[in-house]
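There are 2 protein chains.
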Amino acid sequence: MQVSLQINARWIITVTPDDRVLEHHAIIIQDDTIIDMLPQDQSSQYTPTELLTFNHHAVVPGFINAHTHAAMSLLKGLADDLPLDQWLNEHIWPAESALVEEPFVRDGSELAIAEMIRGGTTCFNDMYFFIDQTAAAASHIGIRASIGIPVIDFPTRWAKDLNEYITKGLAVHERFHSDELLTFTFAPHAPYTVSDESLKTLQPIMDELGLAMHMHLHETENEVQQSLQTHGMSPIQRLNNLALLSPDFMAVHMTSLSDTDIQLLAKHQTHVIHCPESNLKLASGICPTTALLANQINVAIGTDGSASNNDLDMLGEARTAALIAKGSTLQADSLPAKQALRMATINGAKALGLDKKIGSLEVGKQADMFAINLDSIETQPVYDVISTLIYSASRSQISDVWVAGKRLMQDHKLITIDESALIEKIKRWQGKINPFHHHPTKAV
Amino acid sequence: MQVSLQINARWIITVTPDDRVLEHHAIIIQDDTIIDMLPQDQSSQYTPTELLTFNHHAVVPGFINAHTHAAMSLLKGLADDLPLDQWLNEHIWPAESALVEEPFVRDGSELAIAEMIRGGTTCFNDMYFFIDQTAAAASHIGIRASIGIPVIDFPTRWAKDLNEYITKGLAVHERFHSDELLTFTFAPHAPYTVSDESLKTLQPIMDELGLAMHMHLHETENEVQQSLQTHGMSPIQRLNNLALLSPDFMAVHMTSLSDTDIQLLAKHQTHVIHCPESNLKLASGICPTTALLANQINVAIGTDGSASNNDLDMLGEARTAALIAKGSTLQADSLPAKQALRMATINGAKALGLDKKIGSLEVGKQADMFAINLDSIETQPVYDVISTLIYSASRSQISDVWVAGKRLMQDHKLITIDESALIEKIKRWQGKINPFHHHPTKAV
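Same order as they appear, the protein sequences are chains A and B.
The numbers in our numbering rise by one with no breaks, and the one at position 17 of the first sequence is 17.
For our numbering, count along the second sequence from 1 and bump the result up by 444.
These are calculated hints, taken from the structure and not from any lab test.
Beta carbons: idealized from backbone N, C-alpha and C, even for Gly.
One thing to keep in mind: the hints can contain errors.
[What the hints assert, rightly or not] A few chain A residues that face chain B, going by a derived Cβ cut-off under 8 Å, partial list only: (1) 81; (2) 323; (3) 374; (4) 391.
With the sequences and hints as input, model every part of the structure.
This is the structure in structure tokens:
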């Protein structure tokens, strides 16, 4: 049988419910879809147009970055080691007010997508402004993306009021929603920047278009305390009263949670997006992943934007998630490597409602995946390939990446992005953004 | 003037007390020593035998890994996500009892040194058995090392009793102590495995030979509680009563500390070695670095052994130290990037008593350093080069490494180690060690 692609791999890490690892197997791909996985020595029935052999690699489902602000990659390292209010008020917001329009979002999104592909990410869930630029960049480059239609109760360069946020957002949805790689959510910024009235306005539109909601929630203890003072209840309880908690809701951050909050999340099968490095770096707190998982709540992983991380490295993020779960519970068996890998792949797919299509390597699913070379000093010996991947490997060992069967990186070189031209473009941005920079270090 | 080496760099991160960064400067090296640092356009007085130009790189003092067990790199990933007692009793100790003799330590040390050099580490502070093998490997490969003479109150394959631990250790010291790259410490394992009597026996020998002490201490709350029960005081107080706390003492881990403990450390200028990732992974706790630094205690960084990390990545370790300081204090300005870099370089030198010789790039110091290429997608733009190094860069961007002016890695290729031969050797070890492996993942 003629097929488009056969990949022979030393290991295939499937991320199926039984954490199956296939050794010396082949993945058979027809166009964008995995149609078979079988031992290499039994694959002679297939005649692939392209045959690739990875004798030292693991092939892994592509990472799903379940929360980011791609365009903010232009601001990475602009202002570090500062308290949250100073970081936002003196650096990030002034820079955004001055700069964030089409070219910033176009080039920042391209930079972020380049970094994500290089790190094995094949799908990202975005929240930002000028979403037409991010949608166009993702579509053009060929990465899968979920584009958040932003809503916030104050004017930005993107929109002046709720009506314009909705109208402009829906116009982009209309333009791109038939693109196979793109899906959309509504992305109200946070409970403290979006009113009950605004949220109620979104509900019928979400229902009509079948869109999920993606929102920052319980990012800090301070946010929860302010809500208790203002609304007499936690933000989660407020959203519950608005009937917004559901399997179509992605709650991002979630560092400060009462037992009641956790029970509400569990009851409504709400998804939690854990951004461990951003939460540490901005001193927001630590999401209680072990307790959430014990309550059968789906927990996915996001990097957050580059300005508070400062990278879009999902492999590193999964490792950090595994480490701080143990450190914060003082239980060394909390969040084992295979659980961290699920959170970075299939759980992100579940959060996005795409788990029938992506998130694991199984027959019938899209061929979204990467190959990582483990034959290096850093990752030898290999006793358990999932442990090696999560605890010892780094993203720089990822050599090849595919989305929907199309190769986006080949032997460490991006195919649909000109890296040198992109770096030159970013250097020009640096000159424009420099005035907003916090200078902790004396340069001579 | 004829000199051996001139390096022109885009940035030189000096790690001097004022955190100075030199742009477009040259480092002039004569044999093993930095003899000048000046603007490139004023360097015509020097005629270098070798001239290297790094237009996109930062040159940085080599990392000092202030605590590791190099040979345990053969056990990385052997048993992950297990409670400490199960990890030690069912996996690590049985494997060590069966395997740890000369060949294991020789090959494991070579693997660890290869990984460390590739990650920019130019000096490591080791604690293990068969120290002749580790000393010989370091000397042969050309990396700087501090070799800990092990002492533990039970027999191992290396020595049967206190007398033999001391005698064999001192024989290795005698054989290697004139090697310019090697220094020695006494390394009693931990307060709960070494008695007061044993520690008292070491004291006059340390004094006579001018050796410092390097010891696991307050690794877990449980260790402290057991000491309170057994000795009526914390391990730190016990060591203070033995007059062991001093600027010649390196206390490793230190996750569980009372105010009294901290005051004792400060009073005696005892050095603390922080191993953040190992402490997280084994769920030991979190060292209160912010409080220690506020008390003017010198804090350096170590990776610990590969079996509990699972890497020897000092750049990643410095980043984790910066992140968890913020996350555990809820202060986003805790442990800024430049402080994390100091902890990974000059503070390690201070702990080892080598800060006149290494730990920063200054005239008169040894040329121990690395070059890291920042012209990549992951590290553009660069607003503050130290922030970029700590928060965005990864060790895979390190291209060149020197120890005492001698290049150990050139354009990502190790010079004094045959990497392919080493990897083949490690694969043979994997076969021998596999029976001790914990199998969390089902392989087909």
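The hints, checked one at a time:
1. 81: This interface hint holds because 4 Å falls under the 8 Å limit.
2. 323: holds (4 Å)
3. 374: With a minimum Cβ separation of about 10 Å from chain B (threshold 8 Å), the hint on residue 374 of chain A is violated.
4. 391: At 4 Å from the nearest chain B Cβ, residue 391 of chain A passes the 8 Å test, so the hint holds.
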